[in-house]
Each structure stands twice: as structure tokens, then as C-alpha cells.
Amino acid sequence: METITIDNSGKLSPKDFSSNMDVKWCPGCGDYSILKQVQTVFPDLGVPKEQFVFISGIGCSSRFTYYMDTYGMHSIHGRAAAIASGVKTANPDLSVWVISGDGDSLSIGGNHFIHLMRKNFDINYLMFNNQIYSLTKGQYSPTSEKGKITKTSPYGSLEEPFNPTELALGAKASFVARTLDRDPKHMQAILKRAHQHKGTSFVEVYQNCPVFNDGAFFAFSDKETKKEEAIFLEHNRPLVFGKNDDKGIKLDGLTPVIVNLNEDKVSVNDLWIHDEKDKTKAFLISRFFDTMFDEVHFPRPFGVIYADERPVYEDNMTQQIESVREKKGKTPLNKILAGEKTWTIL
Amino acid sequence: MNTIQENLERSTQVKEVDKIVVRFSGDSGDGMQLTGMQFSDTAALFGNDLSTFPDYPSEIRAPIGTIAGVSGFQVHFGSTEIYTPGDQYDVLVAMNAAALKVDLPKLKRGGIIIANTQGFDAKNLTLANYPKDANPLEDGSLANYTVFKVDVTKHTKECLSSTGLSTKEIDRSKNMFVLGLLFWMFEKPLNYTINFIKEKFAKKPEIADANIKALTAGWNLGENTEIFTTRFVIAPAKLPSGTYRNITGNHATAIGLIAAAEMAGLPLFIGSYPITPATDILQELSKYKANGVKTFQAEDEIAGICSAIGASYVGNLAVTTTSGPGMSLKTEALGLATMLEIPLVVVDVQRGGPSTGLPTKTEQADLLMAMHGRHGEAPLPVIAASSPSDCFETIFEASRIALEHMTPVVFLSDGYIANGSEPWRFPTEDELSKINVSFLDKPNGDNNELQPYKRDEDFIRPWIIPGTQGLEHRIGGLEKQDVTGNVSYDPANHENMVRLRAKKVKRIQDYIPLAKPDSGNENAKLLVLGWGSTYGAIKTVVRDLLSEGYDVAHVHLRYINPFPKNLGELLHGYGRVLIPEMNSGQLIQLIRAKYLVPAIGYSKVQGQPFTTLEIKEKIIEILKA
Numbered sequence: 426m427e428t429i430t431i432d433n434s435g436k437l438s439p440k441d442f443s444s445n446m447d448v449k450w451c452p453g454c455g456d457y458s459i460l461k462q463v464q465t466v467f468p469d470l471g472v473p474k475e476q477f478v479f480i481s482g483i484g485c486s487s488r489f490t491y492y493m494d495t496y497g498m499h500s501i502h503g504r505a506a507a508i509a510s511g512v513k514t515a516n517p518d519l520s521v522w523v524i525s526g527d528g529d530s531l532s533i534g535g536n537h538f539i540h541l542m543r544k545n546f547d548i549n550y551l552m553f554n555n556q557i558y559s560l561t562k563g564q565y566s567p568t569s570e571k572g573k574i575t576k577t578s579p580y581g582s583l584e585e586p587f588n589p590t591e592l593a594l595g596a597k598a599s600f601v602a603r604t605l606d607r608d609p610k611h612m613q614a615i616l617k618r619a620h621q622h623k624g625t626s627f628v629e630v631y632q633n634c635p636v637f638n639d640g641a642f643f644a645f646s647d648k649e650t651k652k653e654e655a656i657f658l659e660h661n662r663p664l665v666f667g668k669n670d671d672k673g674i675k676l677d678g679l680t681p682v683i684v685n686l687n688e689d690k691v692s693v694n695d696l697w698i699h700d701e702k703d704k705t706k707a708f709l710i711s712r713f714f715d716t717m718f719d720e721v722h723f724p725r726p727f728g729v730i731y732a733d734e735r736p737v738y739e740d741n742m743t744q745q746i747e748s749v750r751e752k753k754g755k756t757p758l759n760k761i762l763a764g765e766k767t768w769t770i771l
Numbered sequence: 018m019n020t021i022q023e024n025l026e027r028s029t030q031v032k033e034v035d036k037i038v039v040r041f042s043g044d045s046g047d048g049m050q051l052t053g054m055q056f057s058d059t060a061a062l063f064g065n066d067l068s069t070f071p072d073y074p075s076e077i078r079a080p081i082g083t084i085a086g087v088s089g090f091q092v093h094f095g096s097t098e099i100y101t102p103g104d105q106y107d108v109l110v111a112m113n114a115a116a117l118k119v120d121l122p123k124l125k126r127g128g129i130i131i132a133n134t135q136g137f138d139a140k141n142l143t144l145a146n147y148p149k150d151a152n153p154l155e156d157g158s159l160a161n162y163t164v165f166k167v168d169v170t171k172h173t174k175e176c177l178s179s180t181g182l183s184t185k186e187i188d189r190s191k192n193m194f195v196l197g198l199l200f201w202m203f204e205k206p207l208n209y210t211i212n213f214i215k216e217k218f219a220k221k222p223e224i225a226d227a228n229i230k231a232l233t234a235g236w237n238l239g240e241n242t243e244i245f246t247t248r249f250v251i252a253p254a255k256l257p258s259g260t261y262r263n264i265t266g267n268h269a270t271a272i273g274l275i276a277a278a279e280m281a282g283l284p285l286f287i288g289s290y291p292i293t294p295a296t297d298i299l300q301e302l303s304k305y306k307a308n309g310v311k312t313f314q315a316e317d318e319i320a321g322i323c324s325a326i327g328a329s330y331v332g333n334l335a336v337t338t339t340s341g342p343g344m345s346l347k348t349e350a351l352g353l354a355t356m357l358e359i360p361l362v363v364v365d366v367q368r369g370g371p372s373t374g375l376p377t378k379t380e381q382a383d384l385l386m387a388m389h390g391r392h393g394e395a396p397l398p399v400i401a402a403s404s405p406s407d408c409f410e411t412i413f414e415a416s417r418i419a420l421e422h423m424t425p426v427v428f429l430s431d432g433y434i435a436n437g438s439e440p441w442r443f444p445t446e447d448e449l450s451k452i453n454v455s456f457l458d459k460p461n462g463d464n465n466e467l468q469p470y471k472r473d474e475d476f477i478r479p480w481i482i483p484g485t486q487g488l489e490h491r492i493g494g495l496e497k498q499d500v501t502g503n504v505s506y507d508p509a510n511h512e513n514m515v516r517l518r519a520k521k522v523k524r525i526q527d528y529i530p531l532a533k534p535d536s537g538n539e540n541a542k543l544l545v546l547g548w549g550s551t552y553g554a555i556k557t558v559v560r561d562l563l564s565e566g567y568d569v570a571h572v573h574l575r576y577i578n579p580f581p582k583n584l585g586e587l588l589h590g591y592g593r594v595l596i597p598e599m600n601s602g603q604l605i606q607l608i609r610a611k612y613l614v615p616a617i618g619y620s621k622v623q624g625q626p627f628t629t630l631e632i633k634e635k636i637i638e639i640l641k642a
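Which chain is which? The protein sequence lines are A and B, in order. If you count by my numbering, then the first sequence holds residues 426 to 771, one letter each, in order. If you count by my numbering, then the second sequence holds residues 18 to 642, one letter each, in order.
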């Protein structure tokens with residue numbers, strides 16, 4: 426058990442968030458980076474350490490909870506979202522972080538996932554997506570690409586994968602972002618944004634599994650391919666990508682079109698300007714992913730795809746309690762016990 | 018005791034009787050449940066003791082007039098103490114032919130039938146599967162009963178013809194007409210129901226007026242015509258003095274939880290998914306927002322218990338309510354709660370199973386699931402309510418045990434007592450005991466270390482809630498190291514932890530009352546050992562038999578895990594032990610295994626509670642053998 430250190434300086438450091446448990450992920454696992462970025466960012470969030478609560482499910486990702494020196498519960502497979510719902514409803518003051526994986530969130534926990542997005546608690550949801558089941562040693566996951574060869578699909582998986590950001594948007598998430606383990610600065614920025622957003626913040630983190638699915642996302646981080654394969658979104662900025670920032674995306678009606686800024690006589694001014702609050706466009710961006718645009722190869726978007734605040738569940742609950750209390754007043758226990766109609770026997 | 022039958026044969030006077038059973042029976046859309054409840058509440062307010070039994074199909078509106086659509090409400094009320102809704106009824110209100118067909122078999126010979134004649138037209142008779150051209154109201158087949166034929170539909174229409182309401186709306190008032198007639202027949206006042214109607218239809222005064230008119234017209238039919246020869250008076254019951262209310266088991270469960278939260282000084286959180294017959298509890302609690310009750314209608318049964326685990330983790334009295342199928346879905350999370358060692362109340366309102374089974378009917382078949390239905394070794398306290406009002410005390414106890422012993426607790430009720438009602442001499446706040454809860458606020462170990470799994474002398478670990486400065490720590494489903502709570506795969510530690518968790522539950526024995534006979538003597542020739550909702554039937558029978566000179570006794574168990582400390586000794590004092598259960602014999606397995614008592618089982622698995630006659634005959638059979 427750790428010793429309790431009282432930090433008198435007031436300012437916490439990343440080390441304050443590191444628990445005394447040995448970290449037991451495989452060497453080279455993307456989870457290390459995510460842990461490091463979370464510990465780096467947390468001191469800057471201005472939240473007292475005891476207010477942080479991590480709730481995780483089951484899987485490699487979900488061991489995360491043990492490594493953070495905050496409150497935390499490593500729960501059961503797929504149910505972190507449901508447990509977090511109760512935590513946040515019962516105590517809205519806590520800063521609640523759900524840690525989950527692609528299988529935990531989208532397969533066994535799929536139902537809780539969509540309802541969490543819909544209900545919109547002010548919590549942060551980090552889904553480590555490695556597109557594989559790792560803790561059970563290599564079976565295809567609901568985000569594995571179709572045809573993937575794994576131990577349970579030796580002749581190729583038959584299933585279309587989920588597109589997590591599109592699913593989250595469809596489930597009415599109020600904040601949807603994507604980042605990746607090999608881009609620490611980007612991840613730190615996204616984590617801060619997720620924290621600042623009031624509402625359920627869904628962050629998909631591409632995470633490399635060096636043992637069972639090595640290199641699944643390298644195209645988005647390797648120097649040679651990154652600028653062609655990834656597009657980094659920024660609010661109010663045009664959608665530009667390409668080796669020399671020479672490509673852009675513009676909208677032709679509702680159809681995204683890739684244009685060459687050098688050749689096509691289009692300037693940056695003609696490009697699609699990213700608006701985080703535009704849900705229709707957020708859907709289009711989230712779909713730079715699957716078959717709809719197969720004939721054109723779009724870069725994978727990273728950054729905040731959508732962010733627009735709406736009332737959160739726990740505030741609605743508090744307000745309802747207050748407004749009913751104002752109207753009806755608290756019923757004294759004796760009155761509840763007696764009910765509406767009583768009679769007395771002498 | 019006077020019976021209706023004797024009185025009928027004599028005159029048209031007002032007759033006093035001790036107790037009466039009335040069965041309201043009609044189509045699902047005929048409003049029989051509401052009619053029965055209004056009748057019961059009025060009888061209760063008048064001071065009768067009573068017991069009710071709503072008995073309805075799982076279809077909301079099965080095809081009109083069919084046998085599948087018959088909905089019944091039975092009320093047994095009297096001037097003496099009443100513990101069951103009655104084996105058979107004295108009066109059957111049959112709104113249509115199907116209702117008569119379904120419910121006639123349990124009408125006492127010589128009993129009264131009040132039949133709505135329009136419900137016996139050719140179409141209704143066919144729907145009820147009566148042979149062609151046979152009408153029980155006309156063909157003499159009911160000669161052993163007293164039949165009152167009333168054209169309820171026509172009377173209701175006539176009295177509401179000037180209201181301008183549609184035929185459909187008028188038709189829906191006919192249950193009030195019948196209720197008015199029954200009120201006349203049993204000399205009960207109309208005013209309680211009139212006030213109820215006014216409140217219910219406050220925003221639709223024309224509907225309120227129509228219902229009141231129909232109610233009054235029903236009364237007047239009795240008063241002004243000579244069709245009905247006898248009125249019955251049932252004097253108020255000589256119940257212990259005090260202030261009473263009428264209450265169903267589900268409502269008692271709901272307010273028991275509110276009371277427990279208040280006596281523990283904790284917020285109440287309920288995470289549930291609607292399921293028959295438990296839904297009422299969630300519905301009832303959702304009315305208490307002003308009291309800070311947080312009701313969370315979860316996306317599924319699993320989220321119900323998981324959200325409650327989350328709320329418990331941060332310091333609420335957390336509850337999830339369900340019935341059998343939902344219980345199955347919650348078992349994985351129950352394992353987690355057992356491992357976390359946090360308080361949690363799980364309410365299982367049992368129904369006929371397995372699978373969807375008989376969702377609106379009653380059964381006690383989840384006992385062994387409550388005891389053992391988890392992965393790994395995960396003993397939990399299990400306690401069961403015995404009557405509608407007993408749900409209050411029992412859920413309060415469930416909450417106390419959960420909070421004071423840091424454990425999930427399974428509370429068992431069933432459809433019979435959940436929907437049934439009885440008068441209840443309710444307690445006041447001063448009569449309730451405090452529930453002792455404390456949160457750890459500083460390190461509890463040597464060297465200023467936090468030890469989340471350090472136990473007290475009763476093996477209870479501290480409750481440490483997020484938000485407490487300096488006590489940050491991790492818990493989870495992986496096995497814990499003793500004392501520190503760190504993850505541990507050590508073989509000896511696991512065995513030790515399994516034993517410690519079991520000891521914690523067993524130690525609760527020291528905090529529950531000893532078992533004692535409810536009636537009869539210790540060492541009687543035969544003990545009837547019951548649990549749960551069989552209480553009323555067993556109590557009625559054993560008291561009758563005692564007064565007839567039989568050497569019998571009744572012990573009823575609220576605490577099933579752990580059993581009261583003295584139970585073994587108590588059981589061994591009796592000549593024979595009979596265990597009636599609404600399952601194929603579950604408590605009997607536990608009793609035989611634990612105490613090696615050669616108990617005799619008596620099963621009924623029909624979705625219906627035991628009748629007193631069934632239990633009585635069984636007891637006599639054993640005593641005579």
C-alpha cells in the first residue's frame with residue numbers, strides 16, 4: 426500500500442498521480458504512452474486529486490486504473506460505463522474517467538456505451554482501440570478490419586468493423602475526438618479538451634498492441650506516411666493535409682472532395698472549414714473511414730470531430746430535485762409512513 | 018360464525034357477518050383492479066382487517082371477452098384478523114361470461130353471483146367457450162348459487178346519457194356502477210371513492226362527474242329496487258389499537274428504503290430496469306424526488322445493478338430492484354459487489370419461472386439462486402418478507418445489514434405480497450432504529466497507511482468514498498490481498514479471503530433475532546416451518562388447528578442466510594417438521610443439509626399461493642400418519 430504524502434506546495438506533479446503498483450503491460454505497449462500523457466496533464470486540470478475517479482472494465486486497457494494514484498475501480502467486462510453513471514449521478518462533484526477498450530466498449534459493453542453517450546453525464550471516456558482482443562491473446566474485436574486473420578478467424582473475420590466515432594455521434598455523444606498513442610502532444614491537448622467539455626467526452630485513442638496487432642496505426646504516425654494518411658482537425662481551420670500541406674478537402678454539396686491545392690486552381694479559402702459544432706459535417710468527417718468513400722482514399726481525421734455542449738444528466742437530475750422540492754417541499758418521513766389515508770383503532 | 022348463505026335464506030334484512038371474500042372479475046379493460054382497490058381501501062378505512070390478491074394476466078389487453086383476458090381482484094375482509102385473501106369467495110362479480118367461467122370454480126356453494134347480463138350475450142358466451150345456445154344465467158346450471166342479474170352496461174348508459182360523453186367513455190364508467198352497488202350491499206360509504214375520483218380526474222371534471230354519477234347510480238339500484246334481498250355488515254375488526262393505513266408489499270418496500278436511507282443519514286439511489294412484478298417500487302420511489310431520492314431507470318438489468326454499485330461506491334444507500342430473469346442478469350455484478358465488499362440492496366420480487374414463465378403470477382423459486390446463484394464462492398445475506406406490510410421491516414433490515422456489514426444483501430419478496438395489500442399499523446420515525454454508518458476519513462493502518470481491507474472484529478472493512486482527501490486507493494474485481502486490498506494472486510491469500518468473506522456473512526447471526534414460534538409451543542408434535550409469503554396461510558391454519566386442540570406450531574423465517582443462531586436447536590425440538598413452499602422444495606434442501614432434520618416438504622408450483630385448506634389437509638395427514 427502506498428504511503429500518503431501531503432503535498433504542501435499545492436501544485437501536483439505527474440509523479441503524484443503514479444501509484445506504487447508495478448505497471449505490467451507488455452514492453453512497447455501503447456498503453457504506457459496513454460498513462461504518461463494522463464499523468465502529465467492531470468496536474469494542470471485544477472482538480473483536487475481526491476476528486477478524480479477512474480472506472481474501468483476488463484481488458485489490457487482497464488488495468489490502467491491500478492496505475493493511477495487516484496480513486497479507482499477496476500470493474501467487470503463492459504460495465505464501466507454503467508458503474509460510472511451511478512458514480513456521477515450520486516456525486517456530481519467528482520471528475521469521472523472511464524477507461525475501456527474496443528472490445529469492452531463496443532462488444533460486451535455496447536449497450537452501456539450508447540446509453541452513456543445519449544444520457545450525457547459530464548464524464549470522460551477514453552477508449553483504447555487496438556483493434557484486437559489482447560488480454561485473451563489475439564482474437565478479432567468489433568473494430569478489427571474485415572478479413573482479419575486471428576486465432577478465432579484463421580480464414581479471416583467475416584464482420585464489418587464499427588467506426589467508433591460515427592457510432593458515438595449516432596448515439597448523441599456531445600464530444601467526439603480521436604487521438605493516438607504515438608503523438609503525445611496531440612493526446613495531451615485532446616485530454617485537456619475532453620476534461621474541459623461539460624458532457625460525455627468520447628475519446629478514441631489508437632493504441633498499438635505490439636504483440637497481437639503490431640503496427641495497426643503506424644501509417645498515421647510514421648514520418649513517411651503520416652501527412653498523407655492523417656488529417657489533424659482544428660476548429661475554424663481549413664481541412665488541409667498532404668506531404669507538403671498541398672491537399673485539402675472541400676465540400677461539393679454533401680460530398681467531400683479531395684483537391685490538390687497546387688493543381689486544381691483552388692485556394693485554401695475554398696476548403697471546408699472545420700466547425701466542431703456542426704453535427705452534420707461531424708458525421709461526414711467521422712465517415713472518412715469506411716466504405717461510403719471507398720473509391721476515394723480519405724485521410725483519417727484526428728482531433729476534435731464534434732463538440733457541442735448540452736445539458737448534462739446529473740445537472741438535470743439536481744435541477745429536477747430542486748424544482749420538485751420547491752413546488753412540493755420535502756415530505757417528512759412521518760408523512761411518508763402514514764401515506765394518504767389512515768384510520769385509528771382505539 | 019354466520020355465513021352469507023344462511024342469511025340469504027332468511028329475510029331481506031341487514032345481516033352481520035364476520036368475514037367475506039369478494040372476487041371482482043372482468044375483462045382486462047374493465048377496471049377490475051381499480052374497483053377492487055377502491056373497495057378494499059374503503060373497507061380498510063372503515064376498520065375491517067383485510068388481505069387482497071390482485072390476479073391478472075400478463076397481457077395488457079388480451080382480446081376482449083376471452084378467457085385469456087380475465088382480470089381478477091380478490092379481497093377478504095372481516096371483523097376478525099385476516100391473514101390471507103381467502104381460499105374461496107362468497108361473492109363473485111362477473112362482468113362477462115369469460116370471468117364467470119374462469120372464477121366460478123372457487124365460488125363457495127350458495128355464494129352470490131352478480132352478473133353483468135350484457136357480458137353474457139351470444140358473442141361473449143362464444144368467446145368464453147360456452148357451448149352453443151348455452152347461457153349459464155338462463156340454463157339453471159347456477160342453481161346452487163344466488164344469482165343477481167344486472168344489466169350494468171344499460172344502467173350505466175342510462176344514467177350517463179345526458180352527459181354528452183361518448184359511448185366508449187360511458188362504457189368505461191361501468192366498473193364504478195358495480196362498485197356503487199357493492200358499497201350498498203356491504204353498507205360502505207361512497208365518499209372515499211368520490212374523493213379519489215375527483216382527484217384522479219381533476220383535469221377532466223366531466224369524466225369525474227360521470228364516474229361519480231355511475232357510482233351513485235349503482236348504490237341507488239341497490240337502495241331503490243327490490244332485486245337485492247340482503248345487505249351485509251362486517252363490523253370493524255378488533256385489531257390492536259393504533260393508527261393504520263392500507264399498503265401493498267411493493268409500496269412498503271419503497272417507503273422502507275426511504276426510511277432506511279433517512280435513518281442511516283444517507284442519500285437513496287435506486288438503479289433499476291422495469292420488470293413485472295417489481296416495477297412498482299421504481300415507480301413509487303420516483304415520486305420522491307423532493308426528498309432527494311435519485312431514481313435511475315437504467316438501460317438494462319445489468320446497468321441497474323452496476324449504477325447502484327457506482328452509487329454505493331460513492332456513499333449512497335444503493336438499491337436495485339428486479340424479478341427472476343433480471344436477477345440472472347445481475348449475478349456477475351453481484352460477484353463484483355461481493356469482492357468490493359460494499360453495501361448494496363438487491364430486491365427480487367419473485368414470479369413464476371424459469372424464463373418469462375408466469376410474469377404476473379407468484380412463486381418462491383428464486384431462493385436457491387439468491388443463496389448460490391453466483392460464480393465462485395460468494396455468500397450473501399438473504400432475507401425474505403412474509404406479508405405486504407412486512408416488506409417494510411424486512412427491507413429496512415436488508416438495508417441495515419448491507420450498510421452496517423458492508424455487503425450486498427438479497428431481499429426476497431414475491432408477486433403475491435408485492436401486489437397484495439393489508440392494513441398496517443405503521444411506525445413513526447421515533448420508533449425506527451438508527452442505522453450506523455461511518456466513512457473512513459483518515460488512514461487506518463500502522464505508520465499512517467491506508468488499509469482498505471483491514472477488518473474489524475466482525476470482519477467488516479471500512480467504507481472509503483472518493484472525494485476523501487489522502488485516501489486515494491484502487492479497488493476492483495481481482496482478488497485482494499488481506500488488509501491492504503492490493504491485487505494478489507497468492508494461493509493461500511485467496512483461500513483466506515474466501516473464508517473471511519464467508520465469516521463476515523456468518524457473523525451477522527450475532528446481529529439478528531433468534532428464531533421463535535409465531536404460534537404454538539416449542540416441542541410441539543409438528544412444526545410448520547415457512548418463509549416468505551406463505552406466512553398468512555400457515556398462520557391462519559396453525560391458529561385454527563391450535564384452537565381445535567392439535568399440537569402444532571409455526572416458525573417463520575425472515576433470515577435465511579445466515580439462519581438465526583438457534584434454528585437447529587429449535588428444529589430438533591419438534592417431532593416433525595413440515596416445510597410448505599411455492600417451489601419444488603428449496604428451503605428444505607438448505608434445512609436438511611445444514612441441520613440434518615428429516616423435514617417433510619410440501620410443494621405448490623402453480624403460480625398461485627397456498628390455500629389454507631391445502632396446508633390444513635397436509636398437516637392433518639401427517640399428524641394422522
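It is worth saying that the hints were derived from the structure and are not from the lab. This structure is a prediction, so every number in the text was calculated from the model and none was measured. The reader is advised that the hints may include incorrect statements.
As the list claims (entries may be wrong) - Distance condition first, Cα-Cα at most 30 angstroms in a straight line; then the derived DSS-like pairs of lysine-lysine: (1) B/LYS217 <-> A/LYS753; (2) A/LYS752 <-> B/LYS217; (3) B/LYS220 <-> A/LYS752; (4) B/LYS174 <-> B/LYS118; (5) B/LYS621 <-> A/LYS766; (6) A/LYS597 <-> A/LYS576; (7) A/LYS753 <-> B/LYS304; (8) B/LYS118 <-> A/LYS755; (9) A/LYS755 <-> B/LYS621; (10) B/LYS471 <-> A/LYS752; (11) A/LYS440 <-> A/LYS623; (12) B/LYS306 <-> A/LYS755; (13) A/LYS752 <-> B/LYS520; (14) A/LYS760 <-> B/LYS174; (15) B/LYS542 <-> B/LYS459; (16) A/LYS760 <-> B/LYS523; (17) B/LYS217 <-> A/LYS440; (18) B/LYS621 <-> A/LYS760; (19) B/LYS459 <-> B/LYS523; (20) A/LYS753 <-> B/LYS220; (21) B/LYS523 <-> A/LYS752; (22) B/LYS185 <-> A/LYS474; (23) A/LYS760 <-> B/LYS306; (24) B/LYS611 <-> A/LYS760; (25) A/LYS436 <-> B/LYS542; (26) B/LYS520 <-> A/LYS597; (27) A/LYS573 <-> A/LYS449; (28) A/LYS597 <-> A/LYS449; (29) B/LYS304 <-> A/LYS623; (30) A/LYS648 <-> A/LYS461; (31) A/LYS753 <-> B/LYS215; (32) A/LYS755 <-> B/LYS215; (33) B/LYS306 <-> A/LYS623.
Evaluation of the provided hints:
About 18 angstroms separates the Cα atoms of B/LYS217 and A/LYS753, which keeps this hinted pair within 30 angstroms; it holds. Note on A/LYS752 and B/LYS217: the hinted pairing holds, with a Cα-Cα distance of about 19 angstroms set against a maximum of 30 angstroms. Using a Cα cut-off of 30 angstroms, the hinted pair B/LYS220 and A/LYS752 holds, with the two alpha carbons roughly 19 angstroms apart. For the hint linking B/LYS174 to B/LYS118, the alpha-carbon distance of about 26 angstroms falls within 30 angstroms, and the restraint holds.
For the proposed pair B/LYS621 and A/LYS766, the alpha carbon gap of about 36 angstroms is over 30 angstroms, so the pair is violated. Pair hint A/LYS597 plus A/LYS576 does not hold up; C-alpha atoms about 35 angstroms apart against a cutoff of 30 angstroms. A C-alpha spacing of about 11 angstroms is found between A/LYS753 and B/LYS304, which places the hinted pair at or below 30 angstroms, so the restraint holds. Annotation: proposed proximity of B/LYS118 to A/LYS755 is violated, straight-line Cα distance about 49 angstroms (limit 30 angstroms).
A hinted pair counts as satisfied when its Cα atoms are at most 30 angstroms apart, and A/LYS755 with B/LYS621 does not qualify at roughly 45 angstroms. Annotation: proposed proximity of B/LYS471 to A/LYS752 is violated, straight-line Cα distance about 46 angstroms (limit 30 angstroms). For the hint pairing A/LYS440 with A/LYS623, the CA-to-CA distance comes to about 27 angstroms; that is within 30 angstroms, so the pair holds. Restraint check for B/LYS306 and A/LYS755: the C-alpha separation of about 9 angstroms stays at or below 30 angstroms, so the hint holds.
Simply put, A/LYS752 and B/LYS520 have alpha-carbon atoms about 48 angstroms apart, too far for the 30 angstroms limit, and the pair is violated. Of the pairs offered as hints, the one joining A/LYS760 and B/LYS174 is violated, with about 41 angstroms between alpha carbons and a cut-off of 30 angstroms exceeded. Restraint check: the Cα-Cα separation between B/LYS542 and B/LYS459 comes to about 57 angstroms, which exceeds 30 angstroms; the hinted pair is violated. The hinted pair formed by A/LYS760 and B/LYS523 fails the criterion: a straight-line CA distance of about 36 angstroms is larger than 30 angstroms.
Restraint check for B/LYS217 and A/LYS440: the C-alpha separation of about 62 angstroms exceeds 30 angstroms, so the hint is violated. For the suggested pair B/LYS621 and A/LYS760, the alpha carbons sit about 39 angstroms apart, so the restraint of at most 30 angstroms is broken. Between B/LYS459 and B/LYS523 the CA atoms are separated by roughly 29 angstroms; this keeps the pair inside 30 angstroms, and the hint holds. Distance restraint check for A/LYS753 and B/LYS220: the Cα-Cα separation of roughly 19 angstroms lies within the 30 angstroms cut-off, and the hinted pair is therefore satisfied.
Taking the CA atoms of B/LYS523 and A/LYS752, the gap is about 47 angstroms. The hint is violated against a cut of 30 angstroms. A C-alpha spacing of about 64 angstroms is found between B/LYS185 and A/LYS474, which places the hinted pair above 30 angstroms, so the restraint is violated. Restraint check for A/LYS760 and B/LYS306: satisfied, since their Cα atoms lie roughly 15 angstroms apart, inside the 30 angstroms limit. Our distance criterion of 30 angstroms between C-alpha atoms is broken by B/LYS611 and A/LYS760, whose separation comes to about 44 angstroms.
This hinted pair does not check out: A/LYS436 and B/LYS542 have alpha carbons roughly 76 angstroms apart, beyond 30 angstroms. At most 30 angstroms may separate the alpha-carbon atoms for a hinted pair to count; B/LYS520 and A/LYS597 exceed this at roughly 47 angstroms. The straight-line distance between the Cα atoms of A/LYS573 and A/LYS449 is roughly 27 angstroms, inside the 30 angstroms bound, and the hint therefore holds. With a C-alpha separation of about 35 angstroms, the suggested pair A/LYS597 and A/LYS449 falls outside the 30 angstroms cut-off, and the hint is violated.
Taken as a hint, the B/LYS304 and A/LYS623 pair is honoured in the structure, with Cα atoms around 28 angstroms apart against an allowance of 30 angstroms. For the suggested pair A/LYS648 and A/LYS461, the alpha carbons sit about 22 angstroms apart, so the restraint of at most 30 angstroms is met. Between A/LYS753 and B/LYS215, the direct Cα distance comes to roughly 20 angstroms. Compliance with the 30 angstroms bound is thereby established for this hinted pair. Using a Cα cut-off of 30 angstroms, the hinted pair A/LYS755 and B/LYS215 holds, with the two alpha carbons roughly 25 angstroms apart.
Restraint check: the Cα-Cα separation between B/LYS306 and A/LYS623 comes to about 24 angstroms, which is no more than 30 angstroms; the hinted pair holds.
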